[in-house]
Each structure stands twice: as C-alpha cells, then as structure tokens.
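Trainee: From first to last, the protein sequence lines stand for chains A and B.
Quick note on the numbering used here: the first sequence kicks off at 1 and runs consecutively.
Quick note on the numbering used here: the second sequence kicks off at 775 and runs consecutively.
If you're looking for bench data, these hints aren't it; they were derived computationally from the structure.
In this text, a Cβ means the ideal position worked out from N, Cα and C, and glycines have one as well.
Zero decoy hints are in this set.
The following label-pair restraints were derived from C-beta to C-beta distances: (1) B:A1043 x A:M715: 22 to 28 Å; (2) A:K481 x B:G981: 55 to 61 Å; (3) B:L839 x A:K481: 55 to 61 Å; (4) A:R113 x B:G956: 52 to 58 Å; (5) B:A984 x A:E315: 39 to 45 Å; (6) A:K66 x B:G981: 25 to 31 Å; (7) B:A984 x A:T711: 30 to 36 Å; (8) B:L990 x A:M715: 24 to 30 Å; (9) B:R1126 x A:K66: 44 to 50 Å; (10) A:A760 x B:A1043: 38 to 44 Å.
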Amino acid sequence: MSQPIKKVCVIGAGTMGAGIAAQVANAGVPVVLLDIVPKDGANRNAIAEGAVAKMLKTEPAPFMSKSAAKLIETGNIEDHLGKVAECDWVIEAVIERLDIKQGLYAKLEAVKRDGTAVSSNTSTIPLAHLVEGRSDAFKRDFLITHFFNPPRYMRLLEIVTGPDTDAGVAAKVEQFADVAMGKSVVHAKDTPGFIANRIGTYWIQLGLNAAFDMGLTVELADAIAGKPMGVPKTGIFGLVDLVGIDLMPHLQASLTSTLPKDDPYHAIARTMPLIEKMIADGYTGRKGKGGFYRLNKAMARRKEAIDLASGEYREKIVPAGPRGAAAKGDLRALVETGGEIGAYAWAVLGGTLAYAASLVPSAAADVVAIDDAMKLGYNWQAGPFEMIDKLGAAYLAERLAAEGQPVPEMLKLAGERTFYRVEGGKRQFLGLDGEYHDVVRPEGVLRLADIKLAAKPVLKSGSAALWDIGDGVLCLEFTGKMNALDGEVMKLIVKAIPLVSAQYKALVIYTDADSFSAGANLGLALFAVNIAAYGEIEKLIAGGQMAYKGLKYAPFPVVGAPAGLAVGGGCEILLHCDAIQAHAELYTGLVECGVGLIPGWGGNSEMLDRARKAKMMPRGPMPPVAKVFETVSTATVSKSAAQAKELLFLRPEDGITMNRDRLLHDAKQKALSLVEGYTPPEPPEFTLPGKSGHVALSMAAEGFRKQGKATEYDMVVSDALAEVLSGGDADPQDSMTEQELLKLERETFMRLVREPRSIARVEHMLETGKPLRN
Amino acid sequence: MQSVVIAGYARSPFHLANKGALARTRPDDLTEQVIRGLIGKTGVDPAEVEDLIVGCAFPEGEQGLNVARLIGLLADLPISVGGMTVNRFCGSSMSAIHYAMGQIAIGAGEVFICAGVESMSRVPMMGFNPMPNPALAKKSSVYMSMGETAENVAAKYQIARAEQEALAVESQKRAAAAREAGKFADEIVPIETKGGTVSEDGTIRPGTTAEDLAGLKPAFDANGSVTAGTSSPLTDGASAVLVTTEDYARKHGLPILARIKAVSISGCAPETMGLGPIVSSQKAMARAGITAADLDVVELNEAFASQAIACIRDLGLDTAKTNIDGGAIALGHPLGATGARIVGKAAALLKREGGKYALATQCIGGGQGIATVLEAVE
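Looking at chain B on its own, in the form it has when it is part of the complex (with noise of 0.2 Å):
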C-alpha cells in the first residue's frame, strides 16, 4: 500500500458560538481562509489538488447545498478540484482523512485536502428542522442529549464531579500555558471577520481553578456531576489537513508532519457514546501492530472530562502524553472539524515533541468511536 502522509495542516482560531467573534462570521467563508492559509503555508499546487473533502456535523442552511463544492469556489481552488461534504456528526473531518487515504489506496488520486468546519453560532446543534423518527425514539437512546451520555459515562464509570474538574483544570492550564508560549501560532490561520482580524483562540479560560469549577451548577442533570466547566463548549471554527502520498510530498518538498499508520471506526452504544474511542482506538492501534504504551503522543476530544477519564482509564493512556497543548474543554469543539484538528495537531506534535506513534480518536453522537494512528516519518 502506498504511505500516505498528513503534509500540513492548519485551523482557525476557536471562538465561542454565540458570543465569539467568530459568531458573525460564516462557515463557509471561515473555512475558506484555512483553506488558502494551509495552501499558502505548504506551497502545494491547487491544480494538482484531486478532491476536496469537508466533515460537517449539520450541512444544512450555511453549511448545506454541499459547502465543500462552495468553499472550493470560494477559495478559488481550480474548477478541475472536487468538493465533498460528509457527516460523521463529530467525527466528520477525521472520515474525510480516512476517505483520502482510501482513495489514495485505490489509485484515485495523489494530493487531497481534507477539511472541518461547524458553526456552532449559525446553525444549531440538531439542525433547523429536528425531526426525530418516533418509533426509533421509543426504542432507542441515539437522540439523547450528549450531556446526558456524559453523566451516563460518569455514572457507569464512578468518576467523581471533582475528578472531571482537575481534568479540566488542566487542560485550561495546559492550553493557556500553550498559547503564552505562541505554540498555536504556527496552526492557526488569522481569520478576517466585519469585526477585525482574529488570531488568538477564545474559547481558553486561563487562571480556571478547581474552585471556580466547584462553584457551577450541573448542566444537564439537577443531580449530576458534569457542568458547562467540564464540557467542551459550543464553538465556531474550521480546520483543515493536506493529505498525500509519501512520494508525492517528497518530489514537490511539502512539510511532511507524520504518516497515517492505521484507521478504525467503531460503534458503541448511544447512551455512553463517549466511550467510543475505547474500542476504535484499540482496533487502530492493533492495525498498526502497537499497544498504548508504543504511543508518544495522544490527542484525545475532550467532548466531556467524564468521558475522556473513562478512554483515559480503559485504554491506558499516559496523560502527560495525552492533548499537551490542552483539548476541547478549553480549546472547543465544532463538531465537524475537531477531527481534522486533532489529527493535524496529532501530527505536528509528533514532530515537535519527537517519538515514533501517536494517536487521534474521538467519540461520535448517536454511538461511534473513530481513531487514526500516526507514525514519524524519518
């Protein structure tokens, strides 16, 4: 099979849906500046782009009427560029990587550009027109709210409210910590919105003490344990990965960051979705021939702290290796591109930090796990 490589990937800063400033901004033109930014930083030529592939949680209103075929227009990608858009619900983005590599591996072409976007703020969660098909609703929990799997996960589990808040804690700490230290700035694309031009995340809390966490009301349970503090929050944003043949990056001297090593998709059952990650993570990692301990690098979607404590345990991750630039409690989660984020991210610490095998997985509404395993590339 043909060695297929992340060869650069780029994001827009993330802001809260709503109240951002990105909220008056619209998805199709947010991702069209990561796009020209990701073009723009690896020196690749658009012409010689076969597809161009983008995860989206609700393609509908500004993210409908395929918005991949439209940002490509937008970005004024070559007419010859293909444009697709696929729904995974939050493992969107991450598909359309896996989608790439397949069509690499059927010879269907050698340069693709795998991208994400949500806007949280402009199109809700669960759509304009929730229609929910009744007879399923009766016999299934695949339309239960996420926060309500979330307190599932932390009652099948037994992970205490003060447990989840010092994951939090950390990853707010872990995250601000990244940015003062300007290692976001080679990822993120400044974005032009009728407010200005936006370059930094916000959505990061930094100074978020387990105290101010005790402090908050549970969020969708009156007796539960998870908050909006221990929540990844609503969030606007786009992100965006080039995905090639190893060969090809090589001959036109793209910014190789890693080769993707193995994929996996999994379901799970949709009242504890975020345990997802645990068996699609375990079947990528046995596809690659390695256990959690060959891992140097792990980005793990932090939907909710609870769920990312159960992956955490049951995978036996090492969580001095696991979002060390922080993960969505503080960074945010617009569900369709959270994947090509932490796949990207995935790849670029692996570089940095140096290693041999990472990591990528994130749990899917309705009941999925999606995970993708990197290895350095010398």
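In isolation and in its complexed conformation, chain A is listed as follows (with noise of 0.2 Å):
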C-alpha cells in the first residue's frame, strides 16, 4: 500500500464538500478546502471560509468539537491548489457537471504527486466518462467515493473503482474512510446512482405515485411505509420533506438520463404538476416555506399536511394505520391486509423489492451490499433481501407472476430459500452461485449480534447478560427496554464480579443497541414511590453505588464501550470504568436533575475526582466542585465523544473509535492492553469546601432563577447537589473519604425521591420523554 493518508485536500465547500472536510477533521486529520474565488468581493477564500463558519453555527453540527474547526485550512482553487502536493488524497465535490470536473481534474493532474488518491463524490456521473483524457497514472490513482449527506451522521460511503484504479490506492482511501473517517464501505459497480439512491429513489417515486394514484392521505401513506415496513417514521412524503422537494427533479432526470433504457425506473418516472407547483411556490420542504407537512405559523403553529388532489393545505390528521402484526413487521400480514393499506403496501414493497433483487449483480455483486447501502443509507432496519426473506422470496415471486411482472433472477435462484441463514453459528447470504456463503466482517469489526449465533450467555439476569468474547475477556450487555438499568442488572454485576476474576482477563460493557443506556429504570423506581416502598429504592440506590464500586475495584480491568445514548445511571457506570473506548457519536451525561433527582450511584464523587484531576483546573477546594455543579446541575449531555472528553465524562486518554461496527473490537483490545500489571485504583479522599462552598453554588444557582433560567424546584434540587458536591458539613482542613461521600450523596437521594415535585417530574418524563419545568 501506498503512503497513508495523513492529509486531505477537499474540493468544492457546499454541504457535501464542506461536511465530508469536518469529518476529516473530527478524526483529527488535516484537512484543506478550496472552492472557488468568488466574483465580487476582497477575500479570495470567502466561500470555503464562509462553509466553515457557518458550520460552526449548524445543528446538528458537523464538527464533534469546536477544535476540530481549526484543522480545516481554507483556500481556493487559483491561489492554493499546489497545496494538493500535500495531501495523500483529493476529495472532489464540485457540481455535478462533467466538463467541470474534467476541467478540475486536468488542473490536479498538474499538481498531485503520483499515489495521491483522487476521488469524486459524485452521485450520478460514470467513473468512465469522468476520466476520458487523463493519464494512465491519473486513471490508477482515480476511484468514486459516495458520502451521503449529512456526512458526520450517515454511515454509508460506497465506492466505486475502475478498470485501471490501483488496488492499493482504493484500499488506502478505504481504510482511511473506515476506520478514520468512520464509514461502512459498500464497494458498488460503475451504475448509475450506485446502489441507495439507486434504489431508494425508486421506492420513493412508487410511493408518490401510488399514493396519488390511489387518493390516500400523506399521513396514511406515510404510516404505512414508515415504521411498519421498518424504515424511519418519517415515511415516504416525511423523507421528501426533509432532503428537499427540489431534489426530486434533479434525481429523475439524472436517473432518466443515464439508466438503461430497459430499467423498470422509466415506466415509473413521472412528473407531478402538484410537485412542480410546490418547488416553484417556495415549498421544497423543511429548509423551505414547508413540504407535504408544515408549521402553520399564522395558525399558532398548527401541524398541517398537504391535500395530494386539491393541493390545499389542511390540519395534521391521525390516520387509521396498520395493526397488530401489520403494524409490527409481519410484512406478510401488511401486504395481505385488506383495503388501500394492503395495496398501498404492496404497492411499494412487492416494487421495490422485485427492483432490488434485479439489481444484483448489475449494481452490487451480492445481496449483502445491496442490504448494507439501504440500511446504512436510508436507516432501513432491514435490507430488500432481508425484507424478503420476511415476506418469503417464494411468495413475492408467486405474486410477481400472477401480477404478469417480470420475476428477478436471484428470486428464481432462492426459490424456496432465504437469502440469509445460519448455520453453524455463521450468518451466511446466498450468492449468485446458488451456494450459501459466511458473511465476512472487515478485520477489526466484531459484532456481539454475531457471537449471539453461535453461544449461549455465560450468565444472564432480567436486564442483563454476560457474553464470552474470546481471549479471555467477558462482555457485559444490558437487555431491557432503553437498556435501561435496575437490580437485575446490578445482580448480574455482583456475579460477574467473582467470575471473571477466577477464570477470564477483562470485562468489556457494551451492547450493540443504538443506545448504550437510557440510565436507571424510572419506571420501576416510580412504582416503589407509589406505594412507599422507600425501603426498596434505598437498597436499589445502595446496591447500585456497591455494584459500580465492586466494578471500579474489581481485580481485573474494565472498559466501558458506549454507542449513542448514556445518561443518568448509564453515564455513572461508564465513570466507574477503568478505562473507555467510545464510540465518536456518544451522548452522555448525567441528567438526574432533569428529573427532580441527583445521581444516586457515585456519579457525584467519580466526577469530582475526575474534576480535581483535570488538567488547568485551578487549585483550591472549590474549582473541581463549581465545574462539576455546572454540568451536573444544568444535565448537559455531551453531543459526541470527544465534547464528552471537555465534559470531563471522559478521560483525556479514553479512547474514541470513528467506526459503530469496530467499537467492540477496539474495546476488547483496550482492556487486553490493561490486563499486564493491571492493579486496581486507590480509592481517592477529597478535600471539599463544605458549607461555604454551598453558599457560592446556591448564589449561582440563585442568579439562573432571576434570569428566568431555572425554576423554583430546580432551587431545592441543585440545592441538595451543591450539599453533596460542597461534601455536606465537610471543613477544607480535613478530608472526606468515598465512602463518606457516597452516604451523603444516597442520604441525599432519598430526601429528592420524596419529594411530590421530583415524582411529578419522573412521572412526565415517562409518559412524554420530555423534562418537566416545575
């Protein structure tokens, strides 16, 4: 392999360009971004300068950390192109125009240096035309690399490689976008619209059509293709909203333009004067006036959605969706229910399914990437071949028959099989041998759904499992309902305590779920409240602080992997890790507050010590306890791993890994790195400030409710954080140990927990998921 990539040269600073750059940057990589020089104007880099600034300001933002900015370089194409001699690989996302590119790519030519990979984030134009007239060294170095936007937040990135693209080099760039840059390769052929939005435009102009056709509401169509088919909620018309209305016609007569005359995509393509009328009214969706559904602002903004006949814009309405099974995957059961839900359902599936099984091998060389680009692109749960071994291959071609369509290949091939088996405790896909084949994960990615295939749990509870990873080292997952986290799961940590100390090296925790943890079961802690069972949630408080500490001393490393969501509880045990290995999109942090609460298992004083240990934290007993005020009090939950790290969530060595599929893997290698010599921690003394200090945290808690920003029960409940923070009626001139601090921090839950305004407050979140401000 060629040298590795350790710096990046973006072209063209729209939302693509400049996003895939912020994503170069938030894996801590160099990044230059040119665009052009603008017509008017004294600063040659305004438009690469103006994307970065503005990115700064965008939500969902693009960078994880406001640092990663400054690892963006700005320029442009005439002044700073020689700067491509830098860089290990060029990035083009100009318009999609072919003499344009071409024209860029003659100047590149110029200047890279051979090996200097060059790829297009083209989404519609051939590799083939995109080189015509360039150099045989060009046409080696040259590969398609499809982000798909916004690139922070979407995993898929397919590439496409040409007859004459250098092995090496399309293997660098790979292994850079995956393991640095965090996405999941699904290698494509040189088609047109490569596999997803190949494919997800054709499901997206059926759906159209056929709710037209059919006169069906847009919530009922989107209620039909949304969750019941296991793709986002937002459905059809909601996901047309949200990328823009305005794209619809670029991608058809992109498609139109350049599939092969015999692909079904023609028969289906058509234009929609409604549609037509929208764009050209301001309607193209979300970034515009709104879409199919829009805030009537005149209205006190009442939810409206749009009449497909009339065109006229109506309040929201619920529709009678599908039920039962229906509603809950059977995709048999929603195509066989009767009426227009059954039709509309089969209108959509049975045509997108039968377009997808005829695109292998065309598209994609097997039904594998074919379900990776849908799910990794367009968040299907399942892939087509996935939703047809749900539906029965048999039973899509038998009514693809009988509706006189044309009958894929791979249908003919399955026949009465399944696209996906498992046999001995391997997943395995059909190929188009007719063979049955093991899926192969990348080196470096390990799955616990894959271990789950061919094991059994070591040791299980109610909320709670233990998995052997191999190499001596144990997984803990959470199974409940948001992962959440009660006495099942602490009575499986007590077990697994004495177990792995005897016979295994390292406790891992992680699940495969989106979300690491939603924190402890509130639901059950309100049932307890309900009938005073008070005793009850004290032994729950004090097991969990007892469970986490056997952890924290455990005689064997652990590390903690989290993925997504891991507040309150979930955040708590992660604190009690001797290490971390995170995934870079982590949101974390402990919220009790939010809830009328305070953290109950250790949060306070793992954060204070962590605190204290903070580089540049001023010295003095009260800076660790004011900073940790601020982020507990306020329930701030990082917005990725490495805003978790300026938290103090994480630790500046924790580690973050880019790629969801390669966290397990990462994890497992970290503790095995902590098992030689590992001895477990000292448990910390604290010097805190006590009653004075709780004076300073109360007078700055105070200021917020005169500004309006906090409510009069955020007063009682950040009161009873600053008496655990400040260490209760602790003097600077002694210390306070742990074990102190951890009875103060349960003797002050309990006073929370009885509170009516703090129950209101778990009450609401339970039933609505949103905090309650009284």
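Taking the hints as your guide, dock the two standalone chains into a single complex.
Mentor: See the structure below:
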C-alpha cells in the first residue's frame, strides 16, 4: 500500500464538500478545503471560510468539537491548488457537471503527487466518463467515493473503482474512510445512482405515485410505508420534505438520462404538477416554506399536511394505519391487509423489493452489499433481501408472476429458500452460484450479534447478559427496554466480578443497540415510590453504588464501550470503568436533575475525582466542585465523544472509535492491553469546601433563577446537588473518604425521592419523554 | 499639607473579557507595558519612585503573589522601588492614589506610581475559590450579585429601562466620537500581544441605538430592567497614574495634569452598592469646599446605567460635563483598573477642557463609594 493518508484536500465547499472536510477534521486529520474565488468581494477565500463559519453554527453539528474546525485550512482553487501536493487524498465535491469536473482533474493532474488518491463524490456521473482524457497514472489513482448527507451522521460510503484503479490506492482510501472517518464501505459497480440512491429513488417514486393514484392522504401513506416496514417513521413524504422536494426532479432527470432504456425506473418516473407547483412556490420542504407537511405559523404553529388532490393545506390528521402484526414488522401481514393499506404496502414494497432483487449482480456484487447500502444509507432496519426473507422469496415471486410482472433472477435462484441463514453459528448469504457463503466481517469488526448466533450467554439476568467474546474477555450487555438499569443489572454485575476474577482476564461493557443506556429504570422506581416502598429504593441505590464500586475496585480491568445515548446511571457506570473506548457519536451526561433527582450511583464522587485531576483546573477546594455543579445541575449531555472529554465524562486518555462496527473489537483490545500488571485504583480522598462552598453554589443557582433560566424547584434540586458536591459539613482542613461521600449522596437522594415535585418530574418524563419544568 | 498632583496618566486599550484582543495576555504583562508607557511619556526617573501601588479586585492566579512587586520587576523598575497590591474591589486603584497621597502627607516619599489591573478573562469575578461565610450570607446581602444591586437601585429610584438605555446610547456615542477624533490617542499605550499590537479599545459599540438596546433580554432578572447593554461589560485592562508632590513635578518638568484637592471613602447598603458615590462625593466636595455646581469635569464610573443615573440625580450633576468621552458602559470596567483610569482621565480632561474642579467617583461591590476631587493647576 502506498503512503497512508495524513492530510486530505476537499475541493468544493458546498454542503457535501464542507461536511466531508469536517468529518476528516473530526478524525483529527488536517484538511485543506478549497472552492472557487467569488465573483465579487475582496476575500478570495470567502466561500470556503464562509462554509466553515456556517458549519460552526449548524445543528446537528458537522463538527464533533469546536477545536476540530481548526484542522481545516481554507483557500481557493486559483491560489492554493498547489497544496494538493501536500495531500494524500483529494476529494472532489464540486457541482455535478462533467465538463467542470474534467477541467478540475486536468489541473489536479499537474500538481498532485503520483499515488495521491483522487476521488469524486459524484452521485450520478459514471467513472468512465470522469477519467476521459486523463493519463494512465491519473486513472490508477482515481475512484468514486460517494458520501451521504450529512457526512458526519450518515454511515454509508459507496466506493466505485474503475478498471484502471490501483488496488493499493483504493485500499488506502477505504481503510481511511472506514477507520478514521468511521464510514462503512459498500462496494458498488459503476452504474447510475450506484446502489442506495438508485433503490431509494425508485422506492420514493413508487410511494409518491401510488399515493397520488390511490388518493391516499400523506399521513396514511407515511403510516404504511414507515415504521411498519422498518424504515424511519418519516415515511416517504416526510423523507422528501427532509431532503428537499426540489431535489426530486434533479434525481429523476439524472437517472432517466443515464439508466439503460430497459430499466423499470423509466416506466414509473413521471412529473407531478402539484410537486412542480410546490417547488415554484417555494414549498421545498423543511428548508423552505414547508412541504407535504408544514407548521402553520399564522395559526399558532398548527401542524398541517397538504391534500394531494387539491393542493391545499389542512390540519394534520392521525390516520387509521396498519394494526396488529402488520404494524409490527410482519411484512406478509402488511401486504395482505385488506383495503388501501394492503394495496399501498404491496405497491411500494413489492415494487421496491423486486427492483432491488434485479440489481444483483449488475449494480452490486451480492445481496449483502444491497442490504448494507439501504440500512446504512437510508436507515432501513432491514435491507431489501432481509425484507424479502420476512415476506418470503417464493411468495414475492409468485405474486409478481401472478400480476404479470417479471420475476428477477435472484428470486428464481432463491426459490423456496431464504437469502440469509445461520449455519454452524455463522450468518450466511445466498450467492450468485446458488450456494450459501459466510458473511465475512472486515478485520477489526466484531459484533455481539454474531457472537450470539454461535453461543449462549455465560450468565444472564432479567436485564443483562454476559457473553464470552474470546481471548479471556467477557462482555456485559444490557438487555432491558432502552437498556434501562435496575436491580437485575446490579445482580449480574455482582455475580460477574468473582467469575471474571476466577476465570477471565477482563470485562467490557457494551451493547449492539443504538443507545448504550437511558439510565436507571424510572418506571420501576416510580412504582416503588407510589407504594411508598422507600426501603426498596434505598436498597436499589445502595446496591447500585456497591455494584459500580465493585467494578471499579475489581482485580481485573473494566472497559466501557458506549455508543449513542449513555445518560444518568448509564453515564455513572462508565465513570467507574478503568478506561473507556467510546464511539465518536456518544451522547452522555448526568441528567438526574432533569427528573428532580441527583446522581445516586456514585456519579458525584467520580466526577469530583476527575475534575480535581483535570488539566488546568485551578487549585483550591472550589474549582472542581463548581465545574461539576455547572455540568450536572444543568443536566448537560455531550454532543460527541470529543465533547464528553471536554465535559470530563471521559478522561483525556480514553479512546474514541470512529466506526461503530469497530467499537467492540477496539474495546476488547483496550481491555486486553490493560491486563498485564493491572492493579485496581486506590480509593480517593476529597478536600471539599463544605458549607461555604454550598453557599457559593447556591448563589450561582439563584442568579440563574432570577434570570428565568431555572425554576423554583430547580433551586431545591440544585441545593441538594450542592449539598453533596460541597461535602455537607466538610471542612477544607479535613479530608472526606469516598464512602462518606457515597453515604451523603445516598441520603440526599433519598430526601429528594420523597418530594412530590420530583415524583411529578419522573412521571412526566415517563409519559412524554420530556423534562417537566416545575 | 504638601500639594499633591497627578503628573501623568496612561492606560491600555480596554477589551471585552474572553473574546477580546487582550484575553490571552497575562495581567502582569499588560500592566508592565502600561507602566513603561507612563514612564516614557512623563519622563520620570524610575530611580526616584518610592513605591508601585497596584489596585486589583481579585488578586490571585496571574494577579496574585503581590502582583505589584512582580510588575515592578517585569517593568525593570530599579530594585529599590517598592511594590504593594491593594484591594478595594472596584475602588482598588483609586485607593492606591489615596494611599500615595497619604504617604506623601506623612513625608514617606515624593513619587508614586499608582496603577490598576484586572484581567476578567483570566481571573474570574469572585475568584477561583469563592467561599462565602454562611453566617454572614444569612444576615447580609454583601454577597449579592452586582446585577441584582443594579436592579435594586433601578427599582428604588424608579429608573425606567428606557432612561437607562438613553444613558447607554449617549455613553457609546461619546466614546465612539472621542475615539474618532483621536482623543484617546494620548492616554492609550499600545500593547504587544501574541496576536500582534493592540492600540484601540475593543469595547465600544459605535452606532448603538435605543432600538438595539430595547431588543435585549434582561441580564440578571427576567422581570427586571437591566440588560447587558446598560451594564459595563466584563473587561480586560490596566491603567496607571504618576502621583508626585507639586514641587517635585515642577522641579523635574513633569506634565502636571491636576492637583488632588480632597478624597473620601464611604460605606453604604450592599444591596444598593451603586449609590456609593453619592455620600463619598458629597464628603469629598465638602472637604474641598465646593459644591456640584463648581464642577467642570466629572468622571462617574458607569458600572450600570441605573446607578449612574441615581448618582447624577442625587448629586445634581450636569450630564454635559459627566463622562465627556464616554463611560464604562462603552469603555468597559476592568475592576481594579477603573479607579486610576477615571482619576487620570478627570485630570487630563480638566487640562483639556479647562475649568477649575473635577470629580472622579465610583461605586464599589459590597457597598462602598470612593471619590477624588481634583483642582486645576495654574
């Protein structure tokens, strides 16, 4: 392999180019972002500079931390194209015009080093056209890398190589995109729209056509072609609003002009007068005045939807969508539902699955690539072939045949079989040869789901399980709803400690789920409160403190491997780990104050301990206390793992994995690296400010209340938090042990849990998912 | 009693804390440059300086360890020159001047450099370890936030938000016009920073209108009238004046700006600390044997528009003569540096504008006022 990628250049500072540059910066790699010189204005770098400034204000944020933005060097292609010579990968993300791209490549060829990869982010133009007129050397370094919007959050990267592309160059780009940028790579053939957008556009078009033809409301259409099919609940109309209605004609024009004449897409592509009118009137979706749905600001932000027949907006309705099994992922039940529900479901699903099945091997080498592309690029829970397995390949083939539609070869090949099966603990897929082959994960990818196919848990409780992930490492998995934590989890932790001590080397805490843990099971706690079983709650608090401290002082290394949401008790367990290997997309924090409580499972002392050790923390008893109070009293949640470090939820030396699929493997390696010579930490002792510090914190909180940023009851909750963090009656001359602080935490927690307004907050959170500001 | 004069005044540019051009400059380095500037422009022989007295409201961190001594060494003052840090919160560097005058009166020196500094970027207000006495917190409002005291004054004197905003607009207008006309050029010492030379104030918001200010949310009390626009901003800055006997200044050809005629300090209720200048100014004027009608120049620190208005009302000050080049709402209020700035500024204005008497006065957190009456020197 040629030189690894240490510096990247992105040309084109539009939404995609700038977003890709931001993700390179998020990986900690310097990146040059160039665009054209603006026609007017003195600043020749204004476009690229403006793009970075805009991204710093965008939500959801393209940057994982403000400091990442400093890794982007901005410039213009007239003055700074020479910088390409310093770069190992050049990503072109300019306007989708062949002449402009070809012109740029000609200039790039003159300045780039041999072996520097050049890739286009084109979504429509075939690779063969892009490299016309270029030297053989350039063709060897050239490929297509098709990112999805927004590049930080969308995991899919489609890579297309040409006949001349050097395998080493492609591997270098793929390795960087996967490991450093966190993208999951799907290899696509050099065909129009590649995989995800080709199927996605077909699916959207089918959904729009059928809703118009059948006279469905947009709400009903989205209620059918949304959650019941395992696709995001926005459905099709909601998705089009999200990506921009004005994008549709462009996609359509691009695909109709490039797809082969016999492609079924030509038969369904059509222009719709209503959509043309909406675009002309500025109703381009969420970015415009509204779309198929809108918030009517003139009518107190009334939620409205458009009537597809009249083009008029009316109040949004709750449609009578699929029920029972048809609503819960039984696709056969869905398409066989009577009336318009079943008819619409079949029109969308039958057509889309048949189309997807027809694209192997022309657009993708195998069914796995198709499924991965749709899951990663469109957030479908299951890919088309996994959906066909649910529906029945034979059923689909028969129904298509009965309607006189062509039956794709892949469906015929499957016959009565499924596209996937588990054999000998391994997941296998049906190949073009009609045989099953193992689904092979890239090196460094470890999924708990794969382990579960081949084994039973080592131990199990009602809300957690322990898995052997090999090499002497056990994995603790949460299994409750939202991975909520309760006594059953604590029970398993207590059992796991002697087991790992005796028979294994290390423990990793990890789950495959999107959310690591939403924290303590509030429903259970509320139930106990309602029957005044305060003793049970105190037992749960004490049990959690004990279990977490057990992990902290166990004679083996414990590594937390969170991804997604990890709040409340889910954050506290991480605070007790020896080390963290976090997915870059980590949203963690101590949010207890939001439900009228304070951290009760040792979160206070763990945060104080790391705050006082934090770099640049001023000396004296107050700064760490004030820092933790500020973060916890406001229930601050990190917006990335990088930000979690700034907030002290992660230590500076904790690891961050960019690719979600690599998290478990990386965490396991981290745990193994800690095994040799491992000694548990010494319990900390604290010097706390006591009552004086409490007064200072209360004064700060009172300022927030006066400003209208905190409520009356926030004062009660923050006062309790201040009591614990300042150490109660502590005197700065004395030191306080961890156990003393835990006792104070427990007693204060128990005081709050009896407060009716705390209970109201918990109830409200359980009912609405939102905090009550009482 | 010996006649004591202000024989020179200099300050750094003032910049917003945390986001301004001085946020990355250490306060001791900042003051060092101002003192070098003062020595340069006055031509005073540093070897004859008795003491360097530096006012600072939060003398810890980079402002700690008796920062006055450290600044003297940084500025290459002769080793024989003393160094003392004084703290009276916002009144710190005015107190430094008063102390120097007292030393002269008891025959303990002839030449003093009285400076002030505050990096509100680098040392937080309240300090790094705020630890209020719980018992005192119960019986007194001495720990109350400054914004809240400004609301209390607004309520007590029934000062409408629009009136506060009118004062703020005028302050911004005067400061912008003064800068435009180059009137700060002879007081500002350009400061070398890692980011280059800083020679202009960064706090002034030219073109501020009443409409702009009317759109701001209350900063301290959701139901209150005080906003960020009618408060002095958190500021980084340093200032210094040269205080000598009149005889010494004349003998050595120092540029005499004004004579210190009378000074005073007074306490007041902590919860309306903004009213502090009223009694302290009355006391100082009485000691000088004058009334407000005799004043030709007034430098009244605008910690908040509400307290400035209350003081103007009660003292019967002429607004045309008050804060002629703008006040702290526009220029900023680096706590420890403000006292030396307004005494130096009042002295310089007396010279520039002509007239006989000037008053420099300010309120002090915790409930105090401090005042200095200056007299023109023929």
